[in-house]
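Asks: Each chain, written out:
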Amino acid sequence: MWWSFLGENKAALLVAWREHVWLVIAATTLAAAVGVPLGVAAARYAKLRGMVLTVVNVVQTIPSLALFGLLLPLPWLGGIGARTAIIALTLYALLPIVRNTVTGILDVEPSVREAAEALGLTGWQRLRHVELPLAANVIIAGVRTATTLAVGTATIAAAIGAGGLGAFIFRGLRQNDHRLLIAGGVLAALLALLADAVFIAFERRQWPAAPRPFARPVALVALALIVLPVAWSYWLAPPVVERTGRPIVIGSKDFTESVILAEILAQRLEAQGVAVERRFELGGNLAHESLLAGAIDVYPEYTGTAWTAILGERPLTNPAEVYANVRRAYAARFGLTVGPPLGFRNDFAILVRRQTATAYKLRTLSDAARAPIRWRAGFGQDFMARADGYAGFCAAYGFHFESPREMDLSLTYRALAVGELDLIAGNATDGRIAALDLVALEDDRRYFPPYEAVYVIRQAVWEATPVVADTIRALDGVIDTDTMRQMNAAVDGAQRSPREVAADFLAACFQSGALAP
Amino acid sequence: MGIRSRQMPQSELAPVALRQVHLIRGQTPVLNDVSLTVERGEIVMLLGASGSGKTSLLKLVNRLLEPTKGEVWVAGRVTTAWDAIRLRRRIGYVMQDAGLLPHYTVARNVGLLLELERRPAAERRARVAALLELVGLDPAIYAQRFPAALSGGERQRVGVARALALDPALLLMDEPFGALDPVVRARLQQEFAALARTLGKTVLFVTHDLQEALRIGTRICLLARGQLVADAVPDDFLRHDAPDVQAYVQAAGFGAPAQR
Ligand SMILES: Nc1ncnc2c1ncn2[C@@H]1O[C@H](COP(=O)(O)OP(=O)(O)OP(=O)(O)O)[C@@H](O)[C@H]1O
Ligand SMILES: [Mg+2]
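In the order they appear, the protein sequences are chains B and X. First residue of the first sequence: 770, per the numbering used here; consecutive thereafter. First residue of the second sequence: 262, per the numbering used here; consecutive thereafter.
Treat the hints with care, since some could be wrong.
[Said to hold, decoys possible] Under 7 Å between C-beta atoms, here's a sample of chain X residues computed to sit facing chain B: (1) Leu325; (2) Arg338; (3) Ile346; (4) Tyr354; (5) Met356; (6) Gly360; (7) Pro363.
[Stated by the list, open to error] Counterexamples of contact, computed for chain X against chain B with all Cβ distances above 10 Å: (8) Pro290; (9) Asn293; (10) Pro328; (11) Pro408; (12) Arg423; (13) His469; (14) Ala485.
[Said to hold, decoys possible] Residues of chain X placed beyond 12 Å of chain B at every Cβ, according to the derived structure: (15) Ala390; (16) Ala424; (17) Ala426.
Since the hints were made in silico from the structure, they are not lab data. Glycine included, each C-beta is placed from N, C-alpha and C at the ideal position.
Please work from the sequences and hints to get the whole structure.
Replies: Here you go:
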């Protein structure tokens, strides 16, 4: 099973490795280029020291998605893709480098420092001949730490479309595919080990240097093991040269359904000769922010999300009202056009295992609230935070969960399936509902607002490229809830690619006459 | 007082002149109204108990310290008017603990200032070898060693070689021969005194060793309680009537001056 998996994904894994390696190299090089001078300055000027160390410390604590969100709209630094990821990783890598540079320099023996001063060395000469060489070990140790850390943090680069091994890890979590998860995780760990081994060659603890006959060969082998797959990846899958002329940039959020919807639009446009650039799997709220920043032109969204999460309004239950309000507010506030509903809703769905539902005869949420069960509940961060999420839900049905787990949404499915949790909030169209044999309880009090799928597009693009507008109009109502659930299951359960699933869907539409080829 | 028995020269033109210098380090008053003029070609030996401020006095001369009150003149200029780097480059300073850079070889330590002054490599190599020979270290054996692989005495000699690298007219030496065995020490003292005389170097030399002071000094000064309590030529020093001098001389085992 592993052989065929690796065979099929060889090119993709190699490309992810290559992207990861470049991200780490670029970020640590930049961090060293900025961090060492910053550390030197901080070591020299006591007044600067506290401030610099505080700032690099604080930067560490900014969550990656928030940092991406901050960087995205910036000219030069921001945008979608490797650049923003590299800047973020660089910021994260600064702390160990700056801190070690400061410590290394301050730890130089005062007598040696004074000797250099007495000889008449200038400030620069003292730095170059005394402080830096004597602090070198500690500084290199800092760069080494930063590199190993960067290998780990670079997995989040996938959230902003920069690829890397993180794409495999996130996809594996989402699609409940442990092979993707393990492949991504093991390769990232391996890369961290190899990167660490490369630094063995740079270590020098004393003068004269102690002989270490194995240091160089080990470092060289490690370097070769990092570089060879990169070279191989260029041979197998040379990087795509970006087309000239601005293509339509299509984004998606970082879950299967969003990718499929984005892929459907992409294939429809490509079929009509429109150049398309895919910027899929953007984490958190980055898709919306990218659209505002002009980094993408269009992505699939849900009216409920737009209304409560983005516009910050109080939840409404009438789908038509929500759609009309969102459309109006988006045009007025953001200069964005909301396309027609695609035909299905992806509302919140409260899920339990089938065996729980049968044992306690649960059909509706009211049944569940009355049932004599001490629910072990777990919810995604999104559900916990939203106005139409956790708090209102508990109040509407009278649930009192004892310390509900707040965790990654994908993980809640796994935890429910293996019996670690008894109740989660998922999405109505999630393919995993069928795949894991879960039951969605009916929202009999109509608490959850409607989440109709729509494309959101920048007004300028909508008006300037009629073919895009026409294509989106033609997709009005073509996907019903069942079809969407099956497509999700095809990707998440049957491990087919979103690309194939979207192509099959479009072919079926042509056959039934729902769409004209 | 016999302290300034000799004629007072024009201190502005002397290689080194301290004028009513007071120095406070942290809370500690170290020097209290010290005046001292060193003429060209003199070897002035500075004696004093541990902590009496000898090293501090040397550091005032190359501006590692600045006086709290008073003035220090070097080659006709107040130290605070000198560019500190230029001042230090023209003064050879042998530190009390040699102060070698641990990550550079002996050759690089000795040649560092030549390197910074951009002397050609060949000239540098020859000069370093000559300097090592001068302090009694065989370049073939020592040039490529690191300081950690030297004895205390060898380190001090490297320190002396380094101080001589730029051929400075003024030398500040802080117990440079303290860690040497008596044989090498006696030889180096002799050679150093001869060298300093033939090259016309001006030297301010700190030592704890009265014998050494008598052997190579042209003048001997004693620091006590922050003041210069004696300043005399070697022949007069043992007979100096200041109680501090008598105590020092007796403690050093030179007996009562009356017997001499
Ligand atoms: N960095 C410093 N800060 C504050 N006080 C200092 C400092 N360095 C030295 N001192 C004090 O200044 C006084 C003189 O010190 P100095 O090193 O000049 O003495 P010394 O005569 O050279 O002694 P030794 O013979 O032991 O080398 C001492 O009391 C010492 O404690
Ligand atoms: Mg001293």
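Asks: Would you check whether Arg338 of chain X satisfies its interface hint, that is, whether its CB is within less than 7 Å of any CB in chain B?
Replies: Constraint on Arg338 of chain X not satisfied, violated at 16 Å.
Asks: Classify the hint on Leu325 of chain X as holds or violated, based on whether any CB of chain B lies nearer than 7 Å to its CB.
Replies: holds, 6 Å
Asks: With d taken as the least Cβ-Cβ distance between Arg423 of chain X and chain B, does d exceed 10 Å?
Replies: Since the minimum Cβ distance to chain B is about 8 Å, Arg423 of chain X lies within 10 Å and the statement is violated.
Asks: Please verify that hint: Met356 of chain X, Cβ, nearest Cβ of chain B, below 7 Å or not.
Replies: holds, 6 Å
Asks: Mind verifying the non-interface call on Ala424 of chain X? Its CB should be farther than 12 Å from each CB in chain B.
Replies: violated, 9 Å
Asks: So Asn293 of chain X supposedly isn't at the interface. Is its beta-carbon more than 10 Å from every beta-carbon in chain B?
Replies: Holds, because the least Cβ-Cβ distance between Asn293 of chain X and chain B comes to about 24 Å, which exceeds 10 Å.
Asks: Take a quick look at Pro408 of chain X and tell me if its Cβ sits farther than 10 Å from every Cβ on chain B, holds or violated.
Replies: Label violated. Min Cβ-Cβ 8 Å, cutoff 10 Å.
Asks: When you look at the beta carbon of Pro328 of chain X, is every beta carbon of chain B farther off than 10 Å?
Replies: Nearest chain B Cβ is 17 Å from Pro328 of chain X, so the label holds.
Asks: Does the closest beta carbon of chain B sit nearer than 7 Å to the beta carbon of Tyr354 of chain X?
Replies: Check passed: Cβ of Tyr354 of chain X comes within 5 Å of chain B, closer than 7 Å.
Asks: The output says Pro290 of chain X does not contact chain B. Does that hold with a beta carbon cutoff of 10 Å?
Replies: holds, 22 Å
Asks: Against chain B, does Ala390 of chain X keep a CB gap of more than 12 Å to every residue?
Replies: holds, 20 Å
Asks: Pro363 of chain X was flagged as interface toward chain B. Is the shortest Cβ-Cβ separation under 7 Å?
Replies: holds, 6 Å
Checked against the numbered hints listed earlier, the structure breaks hints 2, 11, 12, 16 and 17; every other hint is satisfied.
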